[in-house]
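So you can see what is in the structure, the chains are spelled out below.
Protein chains: 2
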Amino acid sequence: MANKKIVIVGGVGGGASAAARARRLDESAEITMYEKGPNVSFSNCSLPYHLSGLIPDADSIVMKTPEQFHKQYNINAEVNSEVIDVDAQQKTVQVKDVNTGEIRTSAYDELVLSPGANPIMPKSIKGIDKSNVFSVRNVVDIKALQAYLTDNQVSDVAVIGGGFIGLEVVENIAQTGKKLTLVEAADHVLGTIDDDFAQLVHKNLYDNGVQVILNDGLAEISDQHITLTSGKEIKAQAVVMAIGVSPDTTLAKNAGCRIGVTGGIEVNQQFETSIPDIYAVGDAIEVTNMITRQKTRLALAFPAQMEARDAVDHMYGRPVQNQGVIGSQVIHLFDLNVASTGLTEAACKQNGFDHRSVTVIPQNRVGVMPDTSPIFLKLVFSYPGGEVLGAQAIGKSGVDKQIDVIATMISMHGNISNLTHLELAYSPWFSTAKNAVNIAALVAENILNGEYQQVSISKVRGLVESGAFIIDAREPNEYAAGHITTSINIPLSQFRQRLDEIPTDKPVYIHCQSSQRSYNMVRALNNLGYTNVTNISGSFLELKQYEYFKDQTTDRKSILTNY
Amino acid sequence: MANKKIVIVGGVGGGASAAARARRLDESAEITMYEKGPNVSFSNCSLPYHLSGLIPDADSIVMKTPEQFHKQYNINAEVNSEVIDVDAQQKTVQVKDVNTGEIRTSAYDELVLSPGANPIMPKSIKGIDKSNVFSVRNVVDIKALQAYLTDNQVSDVAVIGGGFIGLEVVENIAQTGKKLTLVEAADHVLGTIDDDFAQLVHKNLYDNGVQVILNDGLAEISDQHITLTSGKEIKAQAVVMAIGVSPDTTLAKNAGCRIGVTGGIEVNQQFETSIPDIYAVGDAIEVTNMITRQKTRLALAFPAQMEARDAVDHMYGRPVQNQGVIGSQVIHLFDLNVASTGLTEAACKQNGFDHRSVTVIPQNRVGVMPDTSPIFLKLVFSYPGGEVLGAQAIGKSGVDKQIDVIATMISMHGNISNLTHLELAYSPWFSTAKNAVNIAALVAENILNGEYQQVSISKVRGLVESGAFIIDAREPNEYAAGHITTSINIPLSQFRQRLDEIPTDKPVYIHCQSSQRSYNMVRALNNLGYTNVTNISGSFLELKQYEYFKDQTTDRKSILTNY
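Keeping their order, the protein sequence lines are chains A and B.
Take 1 as the starting number for the first sequence in UniProt numbering and just add one per residue.
Take 1 as the starting number for the second sequence in UniProt numbering and just add one per residue.
Chain A extracted, bound-state conformation (with noise of 0.2 Å):
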């Protein structure tokens, strides 16, 4: 039997895992990997680091050369070399050498597409064409970028678009003393968490000296500053485009590929495209969201090492199952940690799936020990299934774990009864007795059983301001640093000789720290018989966070005293 003629369109996560796949099946394989750019093989993931100066040199991107690949693997990553055409029918590709311009034919037997996907750069900005306009997807990119900063001492730079580049940038960027403003269209940045965790995160950005816009757009690009949809003027010198991406699909087409229904290219169960021999992968498909059973895009390096993975083992017929997608993400954001795993409520909402959630702020590690810092971990869950359909996590420390936790248990359509009992690895160094994900999970399965009613700390300036009877049942002194306006105190250690004080004929609203104390005061009120008591979830540690951003960055009025 003739060996197997393997070519691969794209030499970075998808592709290099593809061909290196390819040979630990097959030795006699002829593998041959084109990538347009001058580098095969890169931590895509890694670049924003060079920003900062983390990673100081943007060649150790590379993790290997085309020499590497030959030597080690006999495989041929030639760069510099561009697909633009596909026979489907003579089963060969056109490669343009993009430093000459010169086409030459390569044939095939299996073709494996992993093009990725291109930086949005709208034409309908002005000025985009710019020479100080930036995108960040290589290795190419970043340096150029770097270099513009430092050449041009660039003292204030904008970046457009709140997801993970654009984020990874801004922090990276700001590390090094620049002036940063973010500029995003939505009303939060991150898309994967939800609205209320997302002012954990302004305000992080905030802290860290970042002018953040929402609910705007670019506009038009000058050399000294950018002016956005709403008229506002920003000064920039440099500007990065982080909006979002699109997947290169122009040779999935040409090749005749029917495309999916987000604009990815559409595959089966094993990778295959429509076209007979031509598989794809990585972030220019379509994939299927495991939780919604919806089709979706994810640009995550993790699947498309997978996809190329499973592609090839079923070149050579080994069985493969396309699970599709959960999505589970983290990312790093100056002091703060970012996870989220499936769904959000707002994805909820969106699919018409009745849920609820829970948000817990548990220490990191047991609150004896030295720098201790809370999580702020939310919970979304099924209704009534409770089955275990997302998390967010924010803090210090130990989010990822609790995320990974969630985003296996999800794996496992684990339901919330799966959570509450689970025993996970304990030692005060590490996390306290009760893990993050016991704790929501226990107040989860409350909620489940209608032990009691809560309301999101979203809801509670809409409670000050209608006049709700609100208690604070912290102790004094806690009360004394920083409180809900209208709140009363009635600390946990004094209700049972303050009855009185608390009405039986309006709605109670009560919250404390971290909610825990709150909670049991809310379960003795109602077995007391007070029939409508409410726990506000998260409590004044996730409030005073909600409402800071707002409160900095508004004239309106806080609901919170000295803090």
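Think of the hints as simulated: they come from the structure by calculation, not from any bench.
Don't be surprised by glycine CBs; every beta carbon is placed ideally from N, CA and C.
Watch out, some of these pointers could steer you wrong.
[To be verified] Derived contacts from chain A toward chain B, CB cut-off under 8 Å, selection only:
no.: 1; residue: E27
no.: 2; residue: K71
no.: 3; residue: D404
no.: 4; residue: L448
[Unchecked claim] Restraint-style ranges between C-beta atoms, simulated for each label pair:
no.: 5; chain 1: B; residue 1: D97; chain 2: A; residue 2: S458; range: 34 to 40 Å
no.: 6; chain 1: A; residue 1: G367; chain 2: B; residue 2: T296; range: 28 to 34 Å
no.: 7; chain 1: A; residue 1: Q89; chain 2: B; residue 2: L499; range: 37 to 43 Å
no.: 8; chain 1: B; residue 1: R496; chain 2: A; residue 2: S124; range: 51 to 57 Å
no.: 9; chain 1: B; residue 1: G127; chain 2: A; residue 2: L499; range: 56 to 62 Å
no.: 10; chain 1: A; residue 1: H70; chain 2: B; residue 2: K232; range: 35 to 41 Å
Given chain A, work out where chain B should sit, using these hints.
Just chain B now, with coordinates in the frame of chain A:
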């Protein structure tokens, strides 16, 4: 209906949890918690951290005082109150005031036993009752030990028992500059990990100046030294006993409760003992291992808290399911973290479970980021079924996360195939794109599929001694910096041109730094028709650590050069 009288014996993990849960479910219950010591509700797991001064004030380890229990929860927490007798017919307990000796009788409707476990202090050891002998069970113990070390200017401490408490005590005292000796009766510390991984812990202890003595026991304690079973004398002015705990079943036996085969109090699915209206929870009870279905005991904080909650829930007619335990644990030791869950290989053998294991050593985050460090991860799984049975992880960072993910998978009866594609949160800051658990599962899948052969690093010495053909697949500069004495250096980047050096008539063993390059070479050779090629799992990175402690502490000949 009269108020329910709930009496709880023991005021720490299980006891305090039971009391708080009872109050949440029933505002009118009369809840009394008797604790024979002077404190309730302290974090016993945090005790060792007082010895290093990380927790400067031992009293801060107490999380809630009797006064707080009273004020916040209307719970009577009676300290220095030992329950010495139970009359299950009359439903009363006899309580002795530890200070005055006074005895009173207290009635109960429901009794919860949470007496914990006592440190084992064998009377057969001469001098066990001396004033320089300590155990670590409560705040009184840790204050006494700390005071003794300081007041007597102790310079040498012997810790007997290399379990979690023993190791934490060693670490914390060692940090004050004293000379520590650890004596362990088994051939390695930590029964929760296998021998090969324990060598990494031995190395860590050795590197931190701790004298580690294995396969030996304590025979006699003197003022200035101890004598071991082997006759060896060790300088030590203070001795900490940490060889294990035995469940405190005195009261349960007294009440007529059945004791299980492991010596713990027998309980049913609802944590009821064999005597009506008497529950038992925590370290004193016998539990069932969820994986082996064998009875066992597990002295850990989280299970105790959940058992207590469940017992009270059942008391109030709520559904409860005692599903057993898997055992998840983690310990911080100098600059190393050691975590594990489920079964070790040794436990699999003991239970007659056909199993396989893989060891992988990925970095904790993307290699191009600063401060990366390896995670040694062993995954244990059933053969041929591929059920995830257990895992062990050692590293400077991130091991608790990997183990918690695998613990979740075990709890959900996950298979290796569920781990390969598991979508965890990735950013270069936090992990590699394929997380450590993904990588381990992919290797495990290969083993299940019989795709190649592997051998554990514990076999390498035998291979060297028997003159086996061992290839070092690293680059020449790596080989020069240290290698297996008898190995031949044929780098992955050269082997295709040097096939004539690789014999076909005898077994060939291959390793590299972390098994990734050797794995690729093994697959290629298999594909080229070599039939007896074996990958050395764990490779040089694990081998160095595995051999180190014995190389340093015995006069055997090393099988490694230059290290």
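Outcome of the hint check:
Because the closest C-beta pair between A/E27 and chain B is about 4 Å apart, less than 8 Å, the hint holds. Below 8 Å, beta-carbon pairs count as interface contacts, and A/K71 has one with chain B at about 4 Å; its hint therefore holds. For A/D404, the interface hint holds, the least distance from its beta-carbon to any beta-carbon of chain B being 5 Å, beneath 8 Å. Checking A/L448 against chain B by beta carbon gives a least distance of about 13 Å; that is not within 8 Å, so the hint is violated.
Distance hint for B/D97 and A/S458: a CB-CB separation of about 52 Å, inconsistent with the stated range 34 to 40 Å. One distance hint, 28 to 34 Å for the beta-carbon pair A/G367 and B/T296, holds here, with the actual separation near 30 Å. For A/Q89 and B/L499, the Cβ-Cβ distance of about 39 Å falls inside the hinted range of 37 to 43 Å, so the restraint holds. For B/R496 and A/S124, the Cβ-Cβ distance of about 53 Å falls inside the hinted range of 51 to 57 Å, so the restraint holds.
Evaluation of the 56 to 62 Å hint for B/G127 and A/L499 yields a pass: the beta carbon distance comes to about 59 Å. Against the hinted window of 35 to 41 Å, the Cβ-Cβ separation of A/H70 and B/K232 comes to about 58 Å, which falls outside the hint.
Of the hints listed earlier, those the structure fails to meet are numbers 4, 5 and 10, in rising order.
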